[in-house]
Each structure stands twice: as C-alpha cells, then as structure tokens.
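So the sequence lines, in the order shown, correspond to chains A and B. Its first residue numbered 1, the first sequence is counted upward by one per residue in the UniProt record's numbering. Its first residue numbered 1, the second sequence is counted upward by one per residue in the UniProt record's numbering.
Everything labelled a hint here was simulated from the structure, so no lab data went into it. Hints should not be assumed to be uniformly reliable.
All copies of an identical chain are treated as equivalent in the list; a pair is satisfied when it fits inside any one copy or across any two copies.
[Unchecked claim] Quick list of in silico lysine-lysine cross-link-like pairs, DSS-like style, CA-CA up to 25 Å:
| hint | residue 1 | residue 2 |
| --- | --- | --- |
| 1 | Lys744 | Lys329 |
| 2 | Lys498 | Lys110 |
| 3 | Lys710 | Lys329 |
| 4 | Lys399 | Lys271 |
| 5 | Lys745 | Lys329 |
| 6 | Lys329 | Lys399 |
These numbers were taken from a predicted model, which means no experiment stands behind them.
Number of protein chains: 2
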Amino acid sequence: MLSALKMLLLLWLSVSSFGANAEPAAASAVDKVTSNALYLNPKLPVSARVKDLLSRMNYLEQLAQTRSYGGVLGYEASYNYTFLETLNAPYGGSSASFGTYSTNCYLSAKVMSAVIANTTKLNRFHIPVITVGDSVNGPTLWNTTLFLASLSMSSSWNIPLFSEVVNAISLENRVLGVRWVYSPELDLAREPKFGRVGEMYGEDPYLVSRFGVAHVKNMQAPDANGTLRVATTIKHFIYGSSTAGINLAPMVGGINDFYNIYSVPFQAVIKEANPAALMPSYSSYDGVPMTSNVAYTNLFLRDELGWDGVATSDDSAMSFLHDLHKTAKDIQTAGIQALEASIGHEIGGTSSFGTLATLGNDPRVASLVKTAARRMLTLKFKTGLFENPLPDLAQINGKVRSPAHLPLNLNISKESMVLLKNDGILPIKTTGNLLSKVAVIGPLATYINAGSYAADDYLIGSAVLRGIEGIAKEVTFSRGCFVNNDTNVDAMIADAVKTAEAAELVVLVLRSSSSNLDNIGDVRTDGEFYDHADLGFPGPQLQLHKAIAATGVPIIVIISGGQAVEMEYAVANSNVIIHTFLQGDLGGEAVASLITGATNPSGKLTVSIPKYSGATPIYYNYLPTNRKAGICTPTDWQWPVLNSTARYPFGFGLSYTTFSYSNVQVSNYTSTSGNIVVSTTVKNTGSVAGQEVVQVYFGQAFLVIERPIKNLIRFTKINLEPGASQQVSFTIPVEELGYYVNGKKHVDADTYTFWVGSSSDDADLQSKLSLQAHHAL
Amino acid sequence: MLSALKMLLLLWLSVSSFGANAEPAAASAVDKVTSNALYLNPKLPVSARVKDLLSRMNYLEQLAQTRSYGGVLGYEASYNYTFLETLNAPYGGSSASFGTYSTNCYLSAKVMSAVIANTTKLNRFHIPVITVGDSVNGPTLWNTTLFLASLSMSSSWNIPLFSEVVNAISLENRVLGVRWVYSPELDLAREPKFGRVGEMYGEDPYLVSRFGVAHVKNMQAPDANGTLRVATTIKHFIYGSSTAGINLAPMVGGINDFYNIYSVPFQAVIKEANPAALMPSYSSYDGVPMTSNVAYTNLFLRDELGWDGVATSDDSAMSFLHDLHKTAKDIQTAGIQALEASIGHEIGGTSSFGTLATLGNDPRVASLVKTAARRMLTLKFKTGLFENPLPDLAQINGKVRSPAHLPLNLNISKESMVLLKNDGILPIKTTGNLLSKVAVIGPLATYINAGSYAADDYLIGSAVLRGIEGIAKEVTFSRGCFVNNDTNVDAMIADAVKTAEAAELVVLVLRSSSSNLDNIGDVRTDGEFYDHADLGFPGPQLQLHKAIAATGVPIIVIISGGQAVEMEYAVANSNVIIHTFLQGDLGGEAVASLITGATNPSGKLTVSIPKYSGATPIYYNYLPTNRKAGICTPTDWQWPVLNSTARYPFGFGLSYTTFSYSNVQVSNYTSTSGNIVVSTTVKNTGSVAGQEVVQVYFGQAFLVIERPIKNLIRFTKINLEPGASQQVSFTIPVEELGYYVNGKKHVDADTYTFWVGSSSDDADLQSKLSLQAHHAL
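Produce the complete structure using the sequences and hints provided.
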C-alpha cells in the first residue's frame, strides 16, 4: 500500500510542521469546567452555547478551532503514538481524520475513539475534536459498503434511490464516528480531460443541484431538535472546468459565468439544505484564488446568501496562496487573506493559521479568528458532538455494510449503467447459445474500479468477471493487456485472442483504472492528479480491442472509468457498449443482470460523450455561438472538426423497451400561482417493463446576455409496464427561469420554449411548446 | 473559383437586403454645394470640416455614413451593374469593397474608380465612399505583392523589416485606391485549435503589441499634415481563444483577464499609434457580445482610453446579435444596441443600421447616429479622401508588385522560417551529394499557402518545388497524397515511395491548405471556418510520411500551414523540420536558401508547439497553477498527460551558429529616471554569421492576483559575424511592469526577476537577475 503510506507520511509531515510553527504550549493549567456552564447544557439553543463557550476561551484556544489534524492512524490501523503530542492538546483541536483509506473500519474507529477520549480531557473546556473524512462512495475505510462514485450514482437520475443511498452512507459514517464529511462535490463536469470528473454528478447545474440537495439533506438528516447526523461540506467552490482540465489550474470566467453556471448548485444547496460547511476550490477565478476570494467566498456567501457555516480550505490550499498562486508574500499573509475571505478551518500544508498564534493582539485578526471559532463550535454543537463525541463501536458490526445496504447498493448499480449501443443481441437469454461460453477479457475485468476517494479495497466484491460467472455456463478469462503498461503485451493479446476464439461471446472490460493496481504492475489513469490530453483508451487497450474484433466473435464492451471517453472504434466494432463509469463492489453483478435482461437498463448519461478527444468542451447546454463554426460541416471531413455534435448526448441511454411522449402541455403562467406547469403522457410502447427518465428542458427567446439554448429544468424517473402510460407533470416556479446579469437577477417578459423527452438531443425531444409571457414575470 | 463566386453572391444578397430595408430615396433633389463651404477647405482642421459638413446633413444622410457596400465587382473584375442602384445614392454611402479576392488588381481598381466617381456625384455634398479591404499579406487582389501571413511575419521577430513590409503594402493599397484596411489583427493566438491562428502575430500580448504598433504606424503613415495614407482597423476586440477554438464562439474570462491579457495589444496600439478604426470580435465575453458590449466597447475604449475612431462591426456581427447571440429581439434593437456600444459602421448581414431609417425623431438614436457619422467623416477627411478620392490607375504598373517589393518579400520570408530540428545535415552544400537528386514530395509542395484573407492566386510564385529546383541538380516530384482526401491514395503513396527511393534526399511538404485547391479535388483545412479538434496532419499525410520514412532516405520536413502542429512523428522520423507557416509567393526560394546555408535561419516561434493535440492550451505565459497537476510526471506515462511542457517553446528556433549570453545586468530602478535598464553581451560563438533574437522576460514575486510566471517585455534582433559580440541593452519604464486588478493599475514595490536569452524556455535563458524595488514604484 505504497500510496497510503505515502499519504500518511505527508500527513505526518504536515502535523509536525504545525508543531514547529505554533506557539509553545501556554503555561496556564487546564481549568476545571463547572458542570453548570451554559455551553454544557444541551437544552439551550446552539447559539447560546457557542456564545458562552467563546466568551471563556482565549485567543489561542479559539485559533485552535481552525486547525485540522490528519494521520490519526499508523500503518494498518495501528495507533499513531506521535499524534497526541502533536495535537497541541492544551488548546484543543478542531478536527481529526484517519489519514488512510486502507484500513479496517472497526479497528480504525477504535483508535479514533481512544484519540477523541484522550484529547478531549486535555483541553480545559473539554472540546472534542470532530472526526472528518472524505465520503464519496461511502466511508473511506475497508469493510464498509462500497457504493458507486458520484458520476455513476448520478447516471441513475433517481433522486429517491440516491437519497436512500446517502442515508445509508450517513448511518455508516455516524456509527464509525465520522461526524463531518468533505462531500458532496458540486463541481460541474464540463471539462472531460479533468481526472476528477468521476467525483462529480455531471455537467448540468440543475442536475448537480438536485443531487447536491439530496446528499446534504440525507447526510445531515437533522433530527427534531435540529441535531445533524453527519455534517456536510459542499465543494469545491468553484471548480470542474479548470484550464485544460488540469488539477489545481485556474477557472476562467467572469461574474456572469459565476452566477449563472458555476455557483448555481452552491446557491441551490445553501438555500434548500443549509450545509454545515463549504470548501473553496484550489483554483483561482479570473486570477483571484478562491481560497482568498473575498468577493465570492465572503461577500457572496455571507452577505448575499446569508450562509453562516464553516468554510474550510482544501488540503494545503492556504499555503498554496504563498507557494503556488504567489498571491501571498508569506504563509502568515496567506492565513490572514483566507480569514478575510471568511475561511475558518485549515487542512494540510504548512499551516498558515498556525502562524497567526503571535497576532492575538491584532484586533482585526482576533475578531476574524473569533468568528472562525464561532462557526466551528457551532458545527460541533449542531452535530451533538459535546453530548456524544465517540464512535458507536458496538454498532459497527450490525450497521456498517449491513444486510439492508447491499441490495440498495446493487439497485443503484443497476440503475446507473448506461447502455450506449445495442445492435439487438441484448438481452441474452441465460439458456441461449451466447452465454454457453463467454470469454471475459480486459485489464479491468477483475477489479472494483470505484474512483478517487473510495475506500481502497478494490480487490473485493463483484467485478465484471465474477458477475459473468453468475450468468454464463462457462467462463474463461484472459487479461489481454494492462491498462497503461505494455509489458508482455504481444503474448497477453495473443492469449486473449485464443480465449476469444474459443468462446461464443466476448465481454471486454476496458478503459481507466482509478486504483494504483501496484500489485500487478499496472499504472493508474483515473482520478485526482490523472488529467489527460487524450480521451481514448490508454496504453495497448485499443490494440487489444482490434485483435479481439478481428476474431469475429460478438463483443460486449464494458467501459469502466470516471470520464467521457472517445469511443469511435468501439461504436464501429462492437455489438454492445455499456458505460459503467465507477462502480461499487456489486457492479459486476449489475452488469450481468443487464446482460440477461433481468434488469432493463435505465441509466442516462450525465456527461456528454464527444466524438473526438479534442472536440471538447461538448456539454449539451452550450451557448448559441458555441457551435457556430461557419461553413464546415462534419460530413465534409475526415479530419475532425470542432463543431461536431456529441456521439452520445447528455441524458441519453438505451432501454430494452421504447417510450412515447404525447399530449405535452405548458400551462399559462399566472401571477397568482407564480408557477408554470409542464405535463406530458408517457407510454411504454415496447414489450417489457422499463424505467424512463422524463426530462424537461427550457430556453428563452431573447436575453440580456448570451445563455444556453436549452437548460434542464426538471426530471423524474418513472416505471411503466408494457402498454401502460402515465401522465407526468412538473410545477416550475417562474423565478427558476431567471438568470443573472452582473449579479442581478432577471426574469424577463418573453417567450419561453419547453422541450420534453428522453435526452437532451433534439431528436429525442418529441414535443415542444412555447409559453408566451408578455407581462413582466 | 466557386468560393469567390459564392462570396460574391453573399455580398449581392447583403446589398439587396439593404435596398429592401432602407427608406425609399428622399424626394429632395441633389443640392449644389457652394465651393466655399468650410468642409471643402483642405486647409481647415479636420474637426472644423467635419462639424460644418455634419451641420448640413440630415438624419438619413448621416445614417448613410454608417453603411458599407460589398460587391463592387462582378465576375472576373467586371462591373457589377446593380451596384449603383443599390447604393442608395441620394444619401451617399460610407464604404465600398471589391467583393472578391480573385481578380486582377488593375482591372479591379479601374471599376472601383468609376464607381467612386459616379456615386460621389449623386449625393448632394459629394461625399465619396471610401474603399476598404482586408489586407493581411497585402492587398487582396491578384498581381499585387503577395507577402506572408501575419503569423509568418511575426516569426521573423524583426520589427524594422516588418515595418518596411507594411510600408510597401500600404503603398500598394493606396495606389489601388484602398484607403482603409481591416487590419492589423491583435488577437492572441492562445488556442491552437482555432483555424484563424495564421492571421495573428502570436500568443504573447507584448509581441502582438509591437507588431500591431508597427503595422498601424506604417500603414497609416501620416504625412506632415496628419493625413493618413491608409486607415487601419485594429481587430478583433477581443478574440483569439474562443471556446474550444471555434470561430464565433464565446471568449471566456472576467475583468482581470480582459485588462491584463486580451486587451493589452489594443491598449498599446491605441496609445502609441492611434488607429483610425477598431472592429469588435464576433464573440461574447462573459456572456456579453462584444458588438454590443457597452462596458468594453464604449466605456473602456472611449472614456478610459479616450479613443475616438470608428468602431465597425465585423461582417454580419450586428445581425448576429439577433439571430445568433439572441440578445436582441429584432435587428433594429441590434442596431440600437450596437450604437449604444459606440459601433458606428456596419458590415454585411441583414442591415441593422438600415432599419434605423425610421427613428430619426428619436433624439437618443439621432444623437448616436450623428456621433457615428462624425467619426466616419473624420476618418474620410483624415485620409484625404475629399481631395483625392480615386485610385492612381497610372501608378499601378510601377508601384504595385514593384521591383523594390520583391526582395523585401524574399527577405522576410527567409527571416520567418523556423528551423525546429536539424540533425546536422543542414546546411547542405549545393555541390554535395544530397542535392544531386532530390525528391520533392507532398500535397503542399506546389502551392503558395498564404492563409485566409490573402489574394487568392496560390498557383503563382515560388512554392517549395520551384525553390528546390533552383538549388538541386536533379529534382523529381510526386504529390504523394492529397491534404485531406484519400482518393487514389495507395497508388499515390506508392509513386512517392518510388520517387523517394531513387533520390538522395526527400523534401516532404505537409500539413494544411489555406486555399480550396478545388482544381485538384483537395480539401481546405486551414483558416477561418477551419477549426479542428486534431492538431496532427490531416488526411493520409501521416501515412505518406511513414511510407517515405521507411525508405531510409534522409528527410527534410517542411511544415506549411497557419497553426501549431502536433509533430511527434516528424520529430522522431525526420532529419530536419522547418515550420514555414503561411508563406508568400517567394517562400519556396526562401526554403531553398535556408537549405543551402545561403540564409542562416533566424525565425523564432511566436506560438508554442504542443507535444500532444489535446495538451492545449500550451502558451508559455501560463499562470503558476496552470501547470500544477500533482504527482504525475510525463515520463511516467505512455498516455499523454496535460501538464507536459511544449515540444518547442515560444521564442524557439535553431540557427547554424551558436550564441552565448554573458554579463547580464539589471539596473537599480530610480524614481528620477522611472526606468529599469536590462543589458547583456551576446556573442556569436559559432563559425558562420547569424541573427539572434535577444529576448527579455520578467516576473514579479508576489502579486494581488495570479499572473504569469514569465512575461516577454523586450526583444531585438541582432546580426553578428562569427566571433563578434555586442552589448544589447533595453530600457523599460517601470510602469510596464504593472498589472490591473478590477480595472485599476498596480505597480507594486516587490522583487522582479528578469531573464535574458534565446527562447522562453528556462533551458534557453542563461541568466537571470532580480531587481529589488522596495520603495513604491
């Protein structure tokens, strides 16, 4: 586990450097806290408890609430004995994280429990550290339920199902003592070259907003008293299309793009779900680093949206102000800049907040630190941490990876797979000839490919090979090649060809690995730090596909990896393509279920698939002039032109049945209701039951600034028996049709067009209707 | 000449549509103008003449000064007899253009002369139309001197030589009656996928500024009375990195990118050379179309910079506000929006200004139209048009494509070629074996590939084949393939291989065609409308290269085309690579001169060459975080990562000699002088004379916003005999080190680093020195 070890070392270093930069421990002894102190009374409002506690704390104690500690765990969930010493205990600490993704959850929680119990005693007000962790597919520890990555989950377009999943993840986190998570990720996946696309919910602001709201509501799940089960962090404010797709690179845009595109999911989630925390991105925006962006991270969030949660830096982002962005002349200045931008919690790096220890006499800094501490303490009180600071060790066995969570995981896996091509061979009867002998081939056939920030146990669970073993009479396996390493490639491909030739069907599992796969000498190509100029198949995989295609045996291509992929060869040279993105540990079983028709596929793309690697961005909600390239048309050319449409558009995915749309209606807007109602009748016109994602898009005729032609405004997933039909209707407050110009909201009296259908592509939008709204909206 | 005909038809349509939209001709008869009217007195200041004339004109006459007329010429320089009728003569007109690039210049000027003479009489104040044309490589008519495209000329890095060229182009334009040109193009070539890169001067704001200033000064060349020889138009305000490189697509950015990057050349040229006109780009910027961008096209240009020239729309850009951007509900609204943004002259499209004919009673519109007319009339008076409105037909034979212009053209061709790779075979003695039998191969070996908006006579002049014929004993030719058409490709490649095998040396001319080459059935791939997802070699050209490489005969690759190219195969499989970009009609002779060593190459890249098509943008002046991609390094990967450095960096180009840099000094800044002086001694350490482009870059330690690590701040081209050395020094006013934050200039007391050397790459910057400027600058 070289990578985990390396991470641990980095975290240790960061902890040590805090020790070096901080003030020596104050001489004052630990106070006894009177048990009737207001802040200890759980019946009082959080604000009163925070006020009381803050008034008792000195500057250094308040400052300590801004500091996180990574690396609680040593190797294989052993106790990291240097941790207590470096925690600078007399002042207390803010948060602590495990520091590894490769340890058993029970053992890890046990160590964390001891750490919290011990460190809480050491500060005079007995303020516990809060356990915080990444949580994309679930808790980042072994033997938890390994759900799918965000991009896969969003491909289900099933908010109720996703809500159940987040609820399950929240329960597992809570039992393990993780009371604060660095998710959800609200970045817009508009740049396919970016390696982190798999962590996002897709390219559309509205879709991402819906998943974000569902995530925060179900993760935080406040009880009747408003106590949060697990606090959330909406991130990365703002990110998702850094220049050229490079991690940490600048975001480019102005105030209109900020208000109308990138900040949209943040606005929605803050308004609807009040997330406890927010993390600015590593990026600069129009040259201003988001970690010190007063205009957006302070004025916009605090004054305009009225949000009062904890803004936490990303890992090392505050020291990057000095050593990377070069906008702070030293790390102390970086710390002050971040405070001014209302950042109040620091993760990793050479600690900037640590250097503020000497500035307690500066009234401006002291006031900002007090505000930061107020927000952090509020988060702690709101999660009930003072009453109940420890993991529930006794519950881990029953509640984590519980029997109830496994079918949920399988369900969302099934709903997340996107069938992109089917020449008719699917579904395949289990009694049929094709399943009598199946060759499973490809470097990703035996791995759980779950993405960045998933628990690092990619060798457990049901990868595609195991799934196929469950449906086929005879299964043979040949790796064929490595993902991105041509060691022994000729012999491996020859073996794969031999395996294919002896089979009736090939299931070919290709693309990008999100784990290091160190043990087989392969090379990771997916996830954070893995940004690529090429959207094709890394290494010798295309060569493998060509060799297999030459055998003439039918091929089902399973694409595994968290990105849009240039798949033109696969489109022309396979019978079936299923994009599975980044599955959890039951992905193989879900693939098998789709192949036999036990599951009718219902996943839809949440990122557009380009025809050519370089023909990006390709997002469906382009501006009118984004596609205007003049006299060229793609059909004129062998050489790829840029104004090509997507190979597979946003919202697209095949089913084994067909659906018709009829009776599309758009109600007249009345100022009394303030709403528009869009309705349609959807009918299953095929011969098997199936789920359909009904999508509503809108566009406005003429605007003050250039805006997308089509915008997703509503969607729902419905289930219909063959021949059955259902009327679906959507209520849309008219304010949702508005947009911002220089930060000011416009809702124009104008003509609005609504499209209803099964994907964002014109050809899949069978009906449209215009609403004339000639009085001011 | 299908394309020319098509263009003509479009222009006719645009003229006709004006006729349809305009008011019927007014009933008032043509006045006699008294010969003592103030505006007719050339001795009065232009402002007084304009004031007088304006006071005499009615609204419709003023409005007519905003309207351009394309399509003076019919097929093959015949007279377009519908032209006079559609010119709406009683009100006069603003400007007229030839409407074709494929006619003889003498015949064209003759027709234009008649048009001007006739139409001037028809309006009561005898206001002439001004002849306007594109002018990149020279006048856009046949039999003029066909110089190089802008990207080639900038590769010379030779401002004095370029100034001579522009002076020559100006003379030819003036004699032909072209009194106003739609150049120079100040866009920054930061997006290699954009088809129009060849029209630009490169990726760096400072470099583009210097070429822009030289262009405007030498094209306008005011005489002692301030009369301009040929008025210029700086364009496209702002453009050059539209989304994905798609023509007309939006520019993305905020106020800081606008001030510090995109507008920099416009600021410089306006301040230093007062261009007569400016053209906003087709793009929107942060959602606001530049053609109606009040903040930038009006407030910035007029109020902040104090510039008072003519802002002209690009072709059809005003109607695009309605039918493409969708920010104007009809074309009349588009016209008003453009007027508010201080646009005062309209080209092409469904005329928006034409629809304003009915709004003469609207005081706001009338006032804006009057201002527009004032600016247009000022431009006409400033070019001496009232005194001397016609082409000098008698001078055309002596002054256009004159004997003086040909050596100038050859000189800049020689200086513009960039030698990227040389394994030592260059220079080749004319008596040597390699030149005893040369195979010239490739689809571009016989064509002048001069770029968009060059006169369309690509079959004249010295293409590479003719150049090689001048230096080799025996030359054979085989096309090898078409640029982007695989008709007959196997036979053509076989023939080329046979030709190569029989030769001692292959000169392989590849890449992109900027002409339609209709006559041989090839397909254009370069220039406006030709934006591409792939930066490699279109069509079967790579296949041809591979086949030729297999022969083992030494290969000189000549790259022809106006873009950065992914050339990894050529780097690994050729002896020599010369990028010629878009040459004029003596490019072949210049190539030959380089090969023999008669010319020592001195061209340097003005655009960075990426390693991989998708690894863009790749401009050298990236922000610190643009290249931060975390733990991956390119050497770890077979699959291209995004943070790769350039294959060949900005400023790079080989010579047959070598230069050393020593004694680099940076003077202390004193507030008395306001200057910093950077100096160095450059020595020719090789055995032949050569020219070196000495480049100075600077960076600032810590800034308020993120800014490039390195910025070009000075350059000069010097000539040194073997063993000779020269001290070069550069004076830099300290203000030039500043930058803008939210539109406000900052010049910080800080540490500045200066690099001096032969390219932008660290490895080529032998010395650096820091200037400490600890008092406020």
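Going down the list of hints, with the structure as the test:
For the identical chains of this complex, Lys744 and Lys329 are inter-copy neighbours only, at 21 Å across copies versus 35 Å inside a copy, given an alpha-carbon limit of 25 Å. In this assembly of identical chains, Lys498 and Lys110 lie within 25 Å of each other by CA distance neither inside one copy nor across copies; the values are 50 Å within and 76 Å between. In this homomeric assembly, Lys710 and Lys329 come within 25 Å of each other (Cα to Cα) only across copies, at 18 Å, whereas the closest approach inside a single copy is 45 Å. In the homo-oligomer, the alpha carbons of Lys399 and Lys271 never lie at most 25 Å apart, since the shortest distance is 32 Å inside one protomer and 71 Å across protomers.
When the C-alpha separation of Lys745 and Lys329 is checked against a cutoff of 25 Å, the pair qualifies only between copies, where the shortest distance is 19 Å, while the shortest distance within a copy is 37 Å. Taking the closest pair of Cα atoms, Lys329 and Lys399 never come within 25 Å of each other, the shortest separation being 49 Å inside a single copy and 60 Å across copies.
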